[in-house]
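**Q** Residue 10 is where the sequence shown starts when you use our numbering, and the numbers rise one by one after that.
Bear in mind the hints are in silico, worked out from the structure with no lab data behind them. What you are looking at is a predicted structure, and each value in this text was computed from that prediction instead of being measured. Just to be clear, a hint being listed does not mean it is correct.
Derived CB-CB ranges, DEER-like [stated by the list, open to error]: (1) Met83 with Glu29: 36 to 46 Å; (2) Ala17 with Leu73: 14 to 24 Å; (3) Ala14 with Gln35: 34 to 44 Å; (4) Met83 with Gln35: 39 to 49 Å; (5) Ser36 with Ala65: 21 to 31 Å; (6) Lys53 with Gly97: 14 to 24 Å; (7) Ala65 with Leu13: 16 to 26 Å.
The beta carbon of each residue, even a glycine, is placed where N, CA and C say it ideally should be.
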Amino acid sequence: ILALAAFATFFAMFGYVFNEYPNLPQSIAISFPEMNGITRVGSKEELLKLPITGVALLIINLGLGFIAHSWERMVGYVLLLAAIGVEGILLAAAIIALN
Numbered sequence: 010i011l012a013l014a015a016f017a018t019f020f021a022m023f024g025y026v027f028n029e030y031p032n033l034p035q036s037i038a039i040s041f042p043e044m045n046g047i048t049r050v051g052s053k054e055e056l057l058k059l060p061i062t063g064v065a066l067l068i069i070n071l072g073l074g075f076i077a078h079s080w081e082r083m084v085g086y087v088l089l090l091a092a093i094g095v096e097g098i099l100l101a102a103a104i105i106a107l108n
């Protein structure tokens, strides 16, 4: 169930990024309000780093989670929960970056 939740969170982030991607201008401004309003302008292709990072971390966490689950169940659960958390953070980053 945790692995399915991690996949669902990943696909929500993936779907959001690729749903918004065609409508974006070639260069996008990304604001960092926590850092005194710093704005960075970059190519929209940089936004694709979020799904790439997401799939890499998903594979790593799920692989280690299943391996650790056979050795120590709680460690496996923590790794699977971490996969859900990481994908949720990447989804939030995509939403913040595009709004």
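**Q** Determine for every hint whether it applies to the structure shown.
**A** Hint check:
{"no.": "1", "hint": "Met83 with Glu29: 36 to 46 Å", "result": "holds, 38 Å"}
{"no.": "2", "hint": "Ala17 with Leu73: 14 to 24 Å", "result": "holds, 19 Å"}
{"no.": "3", "hint": "Ala14 with Gln35: 34 to 44 Å", "result": "holds, 35 Å"}
{"no.": "4", "hint": "Met83 with Gln35: 39 to 49 Å", "result": "holds, 47 Å"}
{"no.": "5", "hint": "Ser36 with Ala65: 21 to 31 Å", "result": "holds, 26 Å"}
{"no.": "6", "hint": "Lys53 with Gly97: 14 to 24 Å", "result": "holds, 23 Å"}
{"no.": "7", "hint": "Ala65 with Leu13: 16 to 26 Å", "result": "holds, 19 Å"}
This entry satisfies every hint, going by the numbered hints stated previously.
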